[in-house]
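Undergrad: Sequence:
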Amino acid sequence: MKRTNYLRIIGTGILAIVWIWLAWGFLSVKGITLLNLIILAMTAIIIFVPLYRKYFSGGGEKN
11 MKRTNYLRII
21 GTGILAIVWI
31 WLAWGFLSVK
41 GITLLNLIIL
51 AMTAIIIFVP
61 LYRKYFSGGG
71 EKN
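The sequence shown begins at 11 in my numbering and counts up by one.
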């Protein structure tokens with residue numbers, strides 16, 4: 011059980027690092043504007059909120 015928790019944290023961390031890298035590249039090419047920051051916030055919500063609900067809040071456990 012503990013191993014799966016570590017794998018979830020590592021997987022989420024790798025996904026976060028990739029997202030930050032892509033967001034940084036997006037902002038370096040397009041520039042920092044309010045619209046670009048809103049787009050990045052929306053992508054973060056789309057990616058990380060379901061992961062949080064499934065793996066860290068206990069809402070996705072159906073054993």
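Everything labelled a hint here was simulated from the structure, so no lab data went into it. Here a beta-carbon is modelled for each residue, glycine too, at the ideal position from N, C-alpha and C. Check the hints yourself; a few may be wrong.
To be verified - Derived DEER-like restraints, expressed as beta-carbon distance ranges:
| hint | residue 1 | residue 2 | range |
| --- | --- | --- | --- |
| 1 | 46 | 18 | 26 to 32 Å |
| 2 | 20 | 45 | 32 to 38 Å |
| 3 | 15 | 43 | 37 to 43 Å |
| 4 | 20 | 54 | 35 to 41 Å |
| 5 | 30 | 60 | 27 to 33 Å |
| 6 | 49 | 24 | 19 to 25 Å |
| 7 | 19 | 55 | 16 to 22 Å |
| 8 | 64 | 31 | 31 to 37 Å |
| 9 | 39 | 63 | 15 to 21 Å |
| 10 | 54 | 18 | 17 to 23 Å |
| 11 | 41 | 67 | 18 to 24 Å |
| 12 | 60 | 38 | 34 to 40 Å |
| 13 | 22 | 51 | 14 to 20 Å |
| 14 | 43 | 20 | 20 to 26 Å |
Undergrad: Of the numbered hints stated earlier in the document, which are not met by this structure?
TA: Result: hints 4, 5, 8, 9, 11, 12, 14 break, sorted rising.
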